[in-house]
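A.B. asks: From first to last, the protein sequence lines stand for chains Z and A. Heads up, the first sequence is in the UniProt record's numbering, so the first residue is 1 and it goes up one at a time. Heads up, the second sequence is in the UniProt record's numbering, so the first residue is 1 and it goes up one at a time.
Note that these hints are calculated values from the structure, not bench results. Mixed in with the good hints there might be a few duds.
[Said to hold, decoys possible] Quick list of simulated restraints, FRET-style, between CB atoms: (1) A:Gly45 to Z:Ser175: 45 to 55 Å; (2) A:Gly244 to Z:Asn88: 48 to 58 Å; (3) A:Ala129 to Z:Asn188: 23 to 33 Å; (4) A:Ala89 to Z:Thr243: 51 to 61 Å; (5) Z:Ser175 to A:Asp207: 53 to 63 Å; (6) A:Arg112 to Z:Leu171: 36 to 46 Å.
[As the list claims (entries may be wrong)] Which chain Z residues face chain A? A few, computed with CB under 10 Å, are given here: (7) Asp86; (8) Gly152; (9) Pro240; (10) Lys245; (11) Val248; (12) Glu362.
We put the beta carbon where it would ideally sit given N, CA and C, even for glycine.
Residues per chain, in single letters:
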Amino acid sequence: MASGLHDSTIQNPVIRWIDQRLPVFTMMQKEYGSFPTPRNFNYLWNFGALALINLVIMIVTGIFLAMNYTAHTSMAFDSVERIMRDVNYGWLIRYVHMNGASMFFIVVMVHIWRNLYYGSYKAPRELLWIFGVVIFLLMMATAFMGYVLPWGQMSFWGATVITNLFSAIPLVGDSIVTLLWGGFSVDNPTLNRFFSLHYLLPFVIAGVVFLHVATLHITGSNNPLGIEPKGPQDTLPFHPYYTAKDSVGIIAYFIVFAVLVFFTPNYLGHTDNYIPANPLVTPAHIVPEWYFLPFYAILRAVPDKLGGVLLMFGAIAVLFVLPWLDRSPVRSMRFRPIAKWALMLWGINFFVLMWAGAMPAEGIYVTIARLSTAYYFAYFLVILPLLAKIERPLPLPESISHAVLRGGGRLHGAAATAKPMEKA
Amino acid sequence: MRVTTLKAAILAAALSLGLASPAARAAESGAEIPNTKFSFDGPFGTFDRGELQRGFQVYKEVCAACHSMHLLSYRNLRDIGLSEAEVTAIAASYQIPDGPNDNGEMFERPGRPSDRFRRPFANDAAARAANNGALPPDLSVIVKARQGGADYIKALLTGYEDPPEGVTLMEGMYYNKYFAGHQIAMAPPLTGDGQVQWGDGTAATVDRMAHDLTAFLAWASEPESETRRAMGVRIILFLVVLGGLTYAVKRKIWARVHGDPIT
Ligand code: HEM
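Can you make the complete structure from the sequences, with help from the hints?
C.D. replies: Here's what the structure looks like:
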């Protein structure tokens, strides 16, 4: 080996030549081949891989859409329909992109729920979790601006309502809104800057995803038991075990995706968005896309505009500090008899918020939205901190292999000598 | 608990989509829209070419006086089963604005299959002026743009009635039980049996005209839907087989590690 070259173990001469100079193949082998992974993942551990694939699908379909899309108020609506009618397989590209946004939110929400349930946000994975919340925020911004692009009635009025929220900010609010609009109402400059940002943000997301995964590969994955692997008997190489298991999940995901795209492509959308934008006609109900409904409900639950905006952003902000709110040393809800049900209720409550967000903001719906909003925050700010003090967790298993293998992993021998690496 | 967590998550997601979406589109029109049976209903439905052609003829002879369908080109009519010659003849029967010519003047020429459907009015203002101030919407995507889709359009076309006791219509308005607010600025467009003469001998009753016209509009809104569904069937079958194989491979690989975890 010439000095200064990486000591590659790869046999193929061409790949070896590259690997010696840029050890990406060694890296891939280390991070995705032999990477030691807890042996007890369930199928909820598929959703990270699914999210990554979804991002790639969005970027690829988005680039092809952008080749045929026209970001001008007088042409945007027609250009999207032209894509559907006159571009080869344009309808497929557009429906995949459109429903891909919904699939992305389904996948990421399940992924987030998984982390809440198994305590994956706790030390040492706080930063990993924070990068995840950043991705979620960026996704929301991206989807919001994407929804404006087809320039239908909901695009226009959704953009008007949401951008107007920023005017509630004291002092600078109005200037921010003018900046977002590029003028004094939602108009052509708004559409242009949204298109530009909608093209940019997915690549920013890709960058944060890289950091997210890099952080993951420092700490390693959590697992359904929430205890750290104590030795090789507790882990399996990522390949072929989890490449195989992820493949099963990916195909199931494609099937759900295909049913949406091919049979009910407009089910999750709103009919009003097939009416071209008209600043003079306000739709009877302005409703955002389904994935914004819980946050929309929180926004409308507060009678004060600024208060509503703060609470809505607070609903995400609270996730950033979650690792420091939940001080219980036990990660997995399997061993937390009370917190488990509090979280289950939080999950149900999330759907109640989603439903309330779709209802008109009046009468009983407001009351329900307020109660739900209260529970959304109480879970993080009151229940978790309190439970950390008063809850008695169930006894944790000795090790992963002990808990999940017949014979407690004795086959591998090393269990007895493995040094416990964790405090929990 | 283990397996059920996942199931609960999937169920909850499915439930919320089911809950949130129809709620988000709660109908605003008054009367309940009756459900019409169309050949293109359901996941495997297809269009009836005879219906589409008859429906196109009604559009051409009745609705096109007021409503544009500017996202369609005459060439698209090949998809509803018209021959190349028929499409060319239909296109040529229209005078299409074009230009400027070498002298800088706009002119009109006979249409070609590549032209978009000719608009009845030069602009929205002209359309309003001719319709008592109301704008007849473009019908290219109308079925996708209304809650209730095809059922609603069919109901609307046949939903004209005398206003009930105590309701006074505004000047130039008509009573339609399915239209939001019930007062519509469009006069009943389908006036009576035999309004059009169909070449295939089908009797042009109002209900038949409304039905076939709606089928035509549904096709125009989603001309890709037959291709889309056929492709969907093949892709899903393929994925199911591939999924089965993948699952078998996964089982085989995991059998190597003693005591496959039950989680
Ligand atoms: C994080 C990934 C992304 C998300 C969540 C997302 C979301 C969306 C959404 C919700 C729409 C509106 C769909 C509709 O009703 O038509 C949309 C439209 C669009 N997106 Fe994206 N998008 C992503 C990535 C991209 C990328 C990378 C590009 C371009 C390189 C792109 C280009 C477009 C274009 C041109 C449209 C307008 C065409 C249309 O409305 O179908 N998107 N996007």
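A.B. asks: Now tell me, hint by hint, if it's right for this structure.
C.D. replies: Hint by hint, here is what the structure shows:
Remark: the range hint 45 to 55 Å for Gly45 (chain A) to Ser175 (chain Z) is upheld by a beta-carbon distance near 53 Å. Judged by the Cβ atoms, the range 48 to 58 Å given for Gly244 (chain A) and Asn88 (chain Z) is violated: they are separated by roughly 32 Å. Distance hint check for Ala129 (chain A) and Asn188 (chain Z): the Cβ-Cβ separation is about 27 Å, which falls inside the suggested range of 23 to 33 Å. Look at Ala89 (chain A) against Thr243 (chain Z): about 60 Å separates their beta carbons, and that is inside 51 to 61 Å.
A hinted range of 53 to 63 Å holds for the C-beta pair Ser175 (chain Z) and Asp207 (chain A), which are about 59 Å apart. Between Arg112 (chain A) and Leu171 (chain Z), the C-beta spacing of about 60 Å breaks the proposed range 36 to 46 Å. Restraint check, Asp86 (chain Z) versus chain A: the minimum CB separation of about 8 Å is within 10 Å; hint holds. A distance limit of 10 Å between C-beta atoms decides the matter here; for Gly152 (chain Z) the minimum to chain A is near 8 Å, and the interface restraint holds.
With a cut of 10 Å, the hint placing Pro240 (chain Z) at the interface with chain A holds, because the nearest CB-to-CB distance is about 5 Å. Checking Lys245 (chain Z) against chain A: minimum C-beta separation of about 6 Å stays under 10 Å; hint holds. For Val248 (chain Z), the shortest C-beta to C-beta distance to chain A is roughly 5 Å, which falls under 10 Å, so the interface hint holds. At its closest, the beta carbon of Glu362 (chain Z) sits 13 Å from a beta carbon of chain A; the interface hint therefore is violated under the 10 Å criterion.
The structure fails to meet hints 2, 6, 12 from the earlier list, while all remaining hints are met.
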